[in-house]
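Trainee: Quick mapping for you: the protein sequence lines, in order, are chains P and B. Counting from 1, one number per residue, gives the positions in the first sequence under the working numbering. Counting from 1, one number per residue, gives the positions in the second sequence under the working numbering.
Calculated directly from the structure, the hints in this document are not laboratory data. One thing to keep in mind: the hints can contain errors.
[As the list claims (entries may be wrong)] One-sided excerpt, in silico: chain P residues whose CB lies under 7 Å from chain B:
1) Ser38
2) Trp40
3) Val178
4) His270
[Said to hold, decoys possible] Only pairs whose alpha carbons sit at most 30 Å apart, straight line, appear in this in silico BS3-like list of lysine-lysine:
5) Lys46(P) <-> Lys75(P)
6) Lys67(P) <-> Lys75(B)
7) Lys67(B) <-> Lys46(P)
[Unchecked claim] Chain P is nowhere near these chain B residues, computed Cβ spacing over 10 Å in every case:
8) Phe83
9) Leu158
10) Tyr170
11) Ala281
Quick reminder that beta carbons are idealized off the backbone N, C-alpha and C, glycines included.
Protein chains: 2
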Amino acid sequence: ASTVALGDKQQEEEKKVQGGATSGASAGGENNNKGIVSYWGVEPAKITKEDGTEWRWNCFKPGETYKADLSIDLKKHHAPVTFLDKVAYWTVKSLRYPTDIFFQRRYGCRAMMLETVAAVPGMVGGLLLHCKSLRRFEHSGGWIKALLEEAENERMHLMTFMEVSQPKWYERALVFTVQGVFFNAYFLTYLVSPKLAHRIVGYLEEEAIHSYTEFLKELDKGTIENVPAPAIAIDYWRMPPDSTLRDVVIVVRADEAHHRDVNHFASDIHYQGHELKKAPAPIGYH
Amino acid sequence: ASTVALGDKQQEEEKKVQGGATSGASAGGENNNKGIVSYWGVEPAKITKEDGTEWRWNCFKPGETYKADLSIDLKKHHAPVTFLDKVAYWTVKSLRYPTDIFFQRRYGCRAMMLETVAAVPGMVGGLLLHCKSLRRFEHSGGWIKALLEEAENERMHLMTFMEVSQPKWYERALVFTVQGVFFNAYFLTYLVSPKLAHRIVGYLEEEAIHSYTEFLKELDKGTIENVPAPAIAIDYWRMPPDSTLRDVVIVVRADEAHHRDVNHFASDIHYQGHELKKAPAPIGYH
Ligand SMILES: [Fe+2]
Ligand SMILES: [Fe+2]
Ligand SMILES: [Fe+2]
Ligand SMILES: [Fe+2]
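Using the sequences and the hints, build the whole thing.
Mentor: Rendered as C-alpha cells:
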C-alpha cells in the first residue's frame, strides 16, 4: 500500500498558490526527491508563485514571506537601569570591540558571520519554553512560536547574505567555535535568568541596527558595491525584482528593530514579575 | 516614542481573518497584555474567526489549523531489516511493556502523558538541523520547519488531552524525569545517527497509532466516557461543534500516521546515503 495524500492536508495559504499537485505515487516521489525512493509517498506539494511560475525554495514557503514594516522606529533604546540591565548592556558593548577589530569595514562579511550567531537565541528560547510547556502542562501564550519565528527570520538573513559574501575556511572554523560557545552560554543564561537573556538579545539587536546603518553608509559612499538583491531576498521580503543590496539591508535592519522590541518586551514582562505566557506573544510581528 | 505597527506586518492568513486590529498605543497594550506595561508597543493583532467571533487562543493561530486527512493508511509498517532498524524496533517494543503496566487501560491519561514525550524529537531534530544549517551556511530543504511543525502538532495533542485528563502530582514528577532522560538520550542519538533517531520515532508513531486504536475500542465499549470534544480541538482541527472525544482521537491518530511517514521517510533518506536537505521536506503534511 502506498499513499499519496495531498490536497486536503495542505495549509490554507499553500492551497491558494498550489499548482497541479498530485501525481503518481512512487514515480512522482522519484521525480521530486531527486532519486530518493520511498515507500512512504511523502511528497511536498508543487507550489507556484502568484505569477504562475514554480516556487523555487524548499527552505521557506509563500506563507512565510512578508513585506517588511519600514516605519519602525530605529532609535528606540532601553536605558539600562537595574544591575542586570547593566550586565546585559556591558556584555554586549564589550563584545563589539573584538568584532569591530576583526571585521573592520567588511560589512557584508560581518553581517553574514553575525547572523549565524543571531539565529541561536530564538531557537534556544523556543526550545526551553517548549519543554517547559510540556513539563508543566501549560500553554505558552504563543511565545514558543514567536521565538522560533525569530530564529527562522535570522536564518533567512544568513541565507540572504550568503549569496553576496562567501565564507572562507577560517571563517567557517570561527563560526563553528563561536556557535559552540554562544549556544551553551545562552542556554545556561536563559535557564538561570530569561530576563537577562532577553535583555542581552535586545541590546544585541540595537547593535545590529547600528552596524546595518554603517553598512548602508558604506553602500552610499560606494566603498561596497550595491549589487542586485539575491533572488531569495526578493521572494522572502516580496521586494520589487530590481531591488539592490541596499534595499535588502534596509529590510533586514527593520527586522532587527522588531527583534529588539520583542526581546526587550519579553525582558520587561519578566521584570514585572510575570511569565511570558501572561502576555499574548507577538506572532507575525515583522 | 511609542510605536504601534500592526496591519502590514501580519502574515497573509492572519489578515484574512483579522477584525478591527489597530488600537491606541500604550493604552491598548495594557488592555491586551493584562496589566503588563511596555515601552515597546509590541501588540498582538486581534484576530477573529470566520464567523466574526474573537479568536481565543494565543498558543496557535488560524493559519495553523487544518482538517485532518483521515484517508491515510494506518497499517503501513517499516519491516526492520538492517541492524539499526532492529535496534530501533526493539528499543520501542521494550519501552511498551512498562508503559502498558503503568497505564493499564487508562488511555486518556496515557495519551496525555505520552504526548509530553512525543513533542521532544521534532524539537530536538529541528534544533540540530537549524544549528547545522547555520554552521555550514547551507539551506535545510525545509526540514527544520517540518520537524518543528511536528513538535508543535504534538504539543497541540497534549494541550487537547490536558482538557480531558488532569495530571496528578506524581505524574507531573514522572513527566519531569522522563523528559530529562528522553531529551538527552534523543539529542545524543540524533547527533550520532539521525538515521536511527528518525527510525525510532517512526516506530514510536506506529505504537501511538496502535494505542489510539485501543483508546477508540474502549470508547466504543463505553468503558471510557465519550465526552464532548474540548473547544481547543474543535478550533485546531476545524471540527464540527458537536464533535466528541472519539472524533478527537481519530484525528490525532491520523496525525500520528503522518508523523510515522515523515520519520520513516527521513530515515530512508539517510539510509540511501543522502542528507535530509536532498529531498524537499513535507511541510504542511498533516
Ligand atoms: Fe539578523
Ligand atoms: Fe535580529
Ligand atoms: Fe501525538
Ligand atoms: Fe506523533
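Trainee: Next, verify each hint and record whether it holds.
Mentor: Comparing the hints with the structure gives:
1. Ser38: Holds - the Cβ of Ser38(P) comes within 7 Å of chain B, reaching about 5 Å at its closest.
2. Trp40: Because about 4 Å separates Trp40(P) from the closest Cβ in chain B, which is inside the 7 Å limit, the hint holds.
3. Val178: Not OK, violated: Val178(P) not within 7 Å of chain B, min 10 Å.
4. His270: Given a least distance of 10 Å, the restraint on His270(P) is violated.
5. Lys46(P) <-> Lys75(P): 42 Å, violated
6. Lys67(P) <-> Lys75(B): 44 Å, violated
7. Lys67(B) <-> Lys46(P): Holds - the C-alpha atoms of Lys46(P) and Lys67(B) are around 20 Å apart, at most 30 Å.
8. Phe83: 19 Å, holds
9. Leu158: Given a closest Cβ separation of 6 Å, the condition is violated.
10. Tyr170: About 14 Å separates Tyr170(B) from the closest Cβ of chain P, which puts it past 10 Å; holds.
11. Ala281: 7 Å, violated
Consistency note: the structure conflicts with the earlier hints numbered 3, 4, 5, 6, 9 and 11.
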